[in-house]
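*Asks:* Listed below are the residues making up each chain.
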Amino acid sequence: MTYVYYTLICLTLIVFQTSVVPCLMPSHFFYDALIPFIAYLGVFQPGYGSFAFSLVLGLIMDGLSGGAFGVYLATYLWLYAGVRLLGKIFRLRNGGVLLIILVLGVCLENAVFWGSILLSRQGVRMYWFPIQSIGLQVLWTALAGLILIRIFETLQNLWNQWARAFRT
Amino acid sequence: MIGGVLILITISIIALSMTSRRHITDEPGQIAISFIPPFQEILTHLTNAVQDVWRHYFALVRTAHENDQLRRALALSVEESRKCREVELANHRLRNLLNFKDLEAFDVLAAEVIGRDPSIWFKTIVIDKGKADGVTKGLPVVNAQGIVGQVISAGNRYAKVLLLTDPASAADALIQRSRSRGVVKGNAAPDCLFDYAVSNDDIQIGDWVISSGLDGVYPKGLAIGRVSRLMRPDDDLFQEVIVSPSVDFEKIEEVLIILNPGNPGEERIP
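Residue numbers (my numbering), protein chains in the order written: chain B, 4 to 171; chain P, 14 to 283.
FYI, nobody ran anything at the bench for these hints, they're computed from the structure.
Note that CB positions come from ideal geometry on N, CA and C, so glycine has one too.
Keep in mind that a hint or two might mislead.
Below are the SDA-like pairs computed for lysine to any residue, each with C-alpha atoms no more than 20 Å apart in a straight line [unchecked claim]:
(1) P:Lys96 to B:Cys26
(2) P:Lys142 to B:Gly66
(3) P:Lys144 to P:Tyr171
(4) P:Lys233 to P:Ser191
(5) P:Lys264 to B:Pro29
(6) P:Lys264 to B:Ser22
(7) P:Lys96 to B:Leu27
(8) P:Lys150 to B:Leu67
(9) P:Lys150 to B:Ala71
(10) P:Lys264 to B:Ala71
(11) P:Lys142 to P:Lys264
(12) P:Lys264 to B:Leu27
(13) P:Lys144 to P:Lys233
(14) P:Lys264 to B:Cys26
(15) P:Lys142 to P:Ala183
(16) P:Lys150 to B:Asp65
(17) P:Lys142 to B:Val18
(18) P:Lys142 to B:Leu67
(19) P:Lys264 to B:Leu142
(20) P:Lys264 to P:His105
Some but not every residue of chain P turned toward chain B, in silico, with C-beta under 10 Å [said to hold, decoys possible]:
(21) Ile127
(22) Asp130
(23) Pro131
(24) Ile133
(25) Lys136
(26) Ile138
(27) Gly162
(28) Lys173
(29) Val174
(30) Leu175
(31) Pro180
(32) Ala201
(33) Ala202
(34) Glu263
Assemble the whole structure, with the sequences as input and the hints as a guide.
*Replies:* The following block contains the structure:
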C-alpha cells in the first residue's frame, strides 16, 4: 500500500511541476519539487523500496526532459545515497539539517545539469549562468521545502492509518 | 419537602389575610400595574423581536435561496464570459496559425503544449500529437512567430519537442539583410548564440535572423529572431552575436508541426 502512496505522490508532483507550475509562473522561478520527496524517502522511509522509487523517478524525469539521459537519475540517486550516508553521522530529522540537505540537493542538481551541458558542449563557451534562477530555487527551497516534507509525512501517516483500517 | 409546603401555605395565608384587611382594594392592582408592565413591555418587545426574527428568518431563507440562485447565475455568466474571452484569444492565436499556414505551402499539424521541462537548464515541451497523427522524430515545430524547435521523440499520442533555446539545439541560419551565414545555438538562456559569424561579416543590431534551410531540418526562410547584441573581439576570427528569439517560449500554448519540411517556402518574417 505504501508504494501506491509513493506512486500517487510522485504522479502529483510530476504533473504539478511540469504542467501546473509553468502555467502559474515562469518555469525558472520554481525548483524541482521531487528533491524534497527524495530527501523524505532517504530520511523517513529508508529501504530498497525507496531506493527503487528514486531510481524510477529519475528515469521518468529523464524521459520527460530534453537533457542527456541519466542526469535526473544520477541526481536523485546521489541525493538519496548522500542522505543515507549523512544519516549515519547526523540526526537528519532535525528541521535545520533537513533544510541544509534540501538546499544541497538543489545545488547538486544544478551542478550535475550544468556539468552535463559543459561536457556535451566541449569547446563552446557558456556566456550565461543562471545565478538569479538558482538563487530563487534556493529561496523557494528554504520557504517551501520543509513544509513539503511535513506534508509528505502527514499524508503518509494518514495513508497508513487508512490502509490499516482498510485491512481490518 | 413537607417543610417547604408548610412554608408556602403559611405565606399564602398571611398574604390572603393582609389583603382582606385593606380598604383600598385596588392597591395591589396599582402595584401590579406599576410593576408588571415594564416586564410585559420587555417581554412583548422580546416576543415581537423573536416573531420578527422568526418571520424574517423565512424571508431570509427565501432571500438566501434567491441570492444563491443569483450567485449561480452570476457565476455562470462570469464563466461564460471567461470562456468567450478564452475562445476569442484562441481564435486569435489559431487565426495567426492559419494565416501562417495559408502563407506557406507546408503540410502542418496543430498541436497543444501540455507539459514542460521543469529544469532551467533543459528546454523541452510535450505536445498532444504523436505517431498516430503522423509526427515523427526530427520534424520541425514552428508557430506564427517563427521556429519553436524540433521533435526529438514521438510516442503514439504525444511527442517531445526540443526548443531552440536548449543547449543541444542548433539551426543553420542567415542574417536576412546581409546573407551572412552562421549557426544559431541554444544556450539554456532566454537568448541564442549566432555562432561562426566571421569578424568582417556585416551584422547589425536589429537584423533579422532566418533559417537557411541547409541543416535539413528547418525549411528556408523561417524567422528565428533578431540580433540583440554584438561583440567583435579584435584578435578573434569570429564575432559574438546574440539573437533574441522571435518566439516567446514562456507563453507557447499551440504549435504547428511541419510534416513535409522538404518543401521549401519563401522567406517570411512575421
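*Asks:* Please list, smallest to largest, the hint numbers that this structure does not respect.
*Replies:* 10, 13, 15, 19
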